[in-house]
Amino acid sequence: MKLTLKYFASLRETLGAGGALEWTPEAEPTAAALRAWLRTQSPAHAQALAPGRAVRVAVDQALADESATLRDGAEVAFFPPVTGG
Amino acid sequence: MATSRVRIQEADFDIGAELAALQGGRTDVGAVASFVGCVRGHTREDDISALTLEHYPGMTERAIEAMIVEAEARFGVQAALVIHRTGRLLPGERIVLVAVAAPHRRAAFQGCEFLMDYLKTHAPFWKKESTPQGERWVDARVADDEALRRWGLASDNAPGEASPSKP
Chain B
1 MKLTLKYFAS LRETLGAGGA LEWTPEAEPT AAALRAWLRT QSPAHAQALA PGRAVRVAVD
61 QALADESATL RDGAEVAFFP PVTGG
Chain V
1 MATSRVRIQE ADFDIGAELA ALQGGRTDVG AVASFVGCVR GHTREDDISA LTLEHYPGMT
61 ERAIEAMIVE AEARFGVQAA LVIHRTGRLL PGERIVLVAV AAPHRRAAFQ GCEFLMDYLK
121 THAPFWKKES TPQGERWVDA RVADDEALRR WGLASDNAPG EASPSKP
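Protein chains in written order, with the working numbering: chain B, 1 to 85; chain V, 1 to 167.
Excised from the complex, chain V in its bound form (with noise of 0.2 Å):
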């Protein structure tokens, strides 16, 4: 396929073309799974009115490139492919698409969420929000941290939290 399985771009994708093609025909593929991440017009205390996204071009698409690598070799992953925005993306629009044919539905879903909590943990990408009070920075979530955590691999993005894995 000529296309790359890691695109980082600023425009949007369209999900049904996408799938389709990472299935792209095949007859040994059972099961594709997707995660589609969007941008929410408030948090718990203010209202959105864009996020703005920055990146470290070369090593989000190595970083992103290592993970699918991972998963093929965890799960049995057949075919993945990951989208991620950047720029000034509003309300509604769509951030990243995770994408995961494999023969069984379990290692598709797994193979998914997978990819999705290390790319929250381990691809330099950066939110800045834009609120009534202005612009601000995304904080790291420990949740995060926890969610790779749980898939047996260390995590220790988020500030505030003691690394149990390194000394």
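Extracted from the complex, chain B is given alone in its bound form (with noise of 0.2 Å):
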């Protein structure tokens, strides 16, 4: 499937800004499948999408569940928690 990837703040800094993006999946695309496959790209991605890490994550510009199922062309932003204001 054809997604966008995004990432922002530290999560940028470390693996960029991201882009256009072609997965597979293996089964269920959820975001949390999609974390878990980004993680296996680089040891960089290993470290900064740990399970352990604080990482939120959007579906279409707005927040979502990990457990949200991506359609094709979906935008998907990855990002730590925020601090405007």
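Don't read these hints as lab results, they were simulated from the structure.
Keep in mind the model is a prediction, meaning the values are calculated, not measured.
It cannot be assumed that every hint is accurate.
A few chain V residues facing chain B, derived, Cβ under 8 Å [unchecked claim]:
#1 58
#2 120
#3 126
#4 133
#5 137
#6 138
#7 157
#8 158
Just a few of them, taken from the derived set where beta-carbon distance is under 10 Å, the chain B residues facing chain V [what the hints assert, rightly or not]:
#9 9
#10 10
#11 33
#12 37
#13 60
#14 63
#15 79
#16 81
So these bits of chain V aren't anywhere near chain B, every CB distance computed over 10 Å [unchecked claim]:
#17 32
#18 37
#19 42
#20 54
#21 93
#22 110
#23 125
#24 127
Yeah, the Cβ is synthetic: ideal placement off N, Cα and C, and Gly gets one too.
Two chains, each in its own frame: build the complex with the hints.
So this is what it looks like as structure tokens:
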């Protein structure tokens, strides 16, 4: 499936801003499954997206649970907890 | 009105002009409440020489717009404005303006506080502090989640605490 991947803040600094992504999920294409697959892409990904790290996810520009199912063409963003205001 | 009620910008804003525009000469507005957040020059540990703000263009505007719609439904807010700055800001500079117009003061105060609590935990902004030890990303605070939960909304932004709202 085709996705647009985005990273922000500390994740953007270590992994880049993201971009177009072609992903072939082995099971249900959830945000959690995508995060797990991204961890296999490089040691930096493995560390930045490690299961214990506080990483939030947005699907199509709305905060989502990691259990959210991704549709083809979705925009998926990973970022640390927000600190605005 | 031509200008948007959610504005993400690098430039500063004129509080007086914005509050006047929010009321806009209406005669059914009885109260305008506002909050202005500023850059502090020090934390408990360090002096801060600058703050750099990043956001998620598109999602930021959508998220805040949804928060305003919720404030209108909950409190009878008549008009609201959120301006949030990004980029590099120095101590003393303004970061954010939240302003709310309502028929009575209670709705205006509550709508303003609600929007600010919501924004702190759900709008995709990130702050980076410049200190004598170097730059570091600001940590999210559990207290900000607790503030939003007082309004009856789930909030699990900050790490380090099990969520009472999810299994």
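Verification of the hints:
Against a cut-off of 8 Å between C-beta atoms, the interface hint on residue 58/V holds, since the closest Cβ of chain B lies about 5 Å away. Hint on residue 120/V holds. Least Cβ distance to chain B is approximately 4 Å, under the 8 Å limit. The criterion of a C-beta within 8 Å of any C-beta in chain B is met by residue 126/V, whose closest approach is roughly 4 Å, and the hint holds. The criterion of a C-beta within 8 Å of any C-beta in chain B is not met by residue 133/V, whose closest approach is roughly 16 Å, and the hint is violated.
For residue 137/V, the shortest C-beta to C-beta distance to chain B is roughly 5 Å, which falls under 8 Å, so the interface hint holds. Hint status for residue 138/V relative to chain B: holds, with the closest Cβ pair at about 4 Å, below 8 Å. For residue 157/V, the interface hint holds, since its Cβ comes within 8 Å of a Cβ in chain B; the closest pair sits about 5 Å apart. The beta carbon of residue 158/V is positioned within 8 Å of a beta carbon in chain B (closest approach about 5 Å), and the interface hint is therefore held.
Given the 10 Å rule on beta carbons, the hint for residue 9/B holds: about 4 Å separates it from the nearest Cβ of chain V. The criterion of a C-beta within 10 Å of any C-beta in chain V is met by residue 10/B, whose closest approach is roughly 5 Å, and the hint holds. Interface restraint check for residue 33/B: the shortest CB-CB distance to chain V comes to about 19 Å, outside 10 Å, so the restraint is violated. The restraint placing residue 37/B at the interface with chain V is violated, with a minimum CB-CB distance near 22 Å, outside the 10 Å limit.
The closest approach between the C-beta of residue 60/B and any C-beta of chain V is roughly 9 Å, which is under the 10 Å cut-off, so the hint is satisfied. For residue 63/B, the interface hint holds, the least distance from its beta-carbon to any beta-carbon of chain V being 6 Å, beneath 10 Å. The interface hint given for residue 79/B holds, since its Cβ lies 7 Å from the closest Cβ of chain V, which is under the 10 Å cut-off. For the restraint placing residue 81/B at the interface with chain V, the shortest Cβ-Cβ distance is roughly 3 Å, inside the 10 Å limit, so the hint holds.
Non-interface call for residue 32/V relative to chain B: holds, since the shortest CB-CB distance, roughly 20 Å, exceeds 10 Å. Some Cβ of chain B comes within 10 Å of the Cβ of residue 37/V; the nearest lies about 6 Å off, and the non-interface call is violated. Every beta carbon of chain B lies more than 10 Å from that of residue 42/V, the smallest distance being close to 17 Å; the non-interface claim holds. Remark: the non-interface label on residue 54/V conflicts with the geometry, its nearest Cβ contact in chain B lying 6 Å away (cut-off 10 Å).
The claim that residue 93/V is not at the interface with chain B holds, since no C-beta of that chain comes within 10 Å of its own (minimum 14 Å). For residue 110/V, the condition that its CB be more than 10 Å from all CB atoms of chain B holds, with the nearest at approximately 17 Å. The claim that residue 125/V is not at the interface with chain B is violated, since a C-beta of that chain comes within 10 Å of its own (minimum 3 Å). Chain B draws residue 127/V into its interface by the beta-carbon criterion, the shortest separation being 5 Å against a cut-off of 10 Å.
Consistency with the previously given hints fails for numbers 4, 11, 12, 18, 20, 23 and 24, ordered from lowest to highest.
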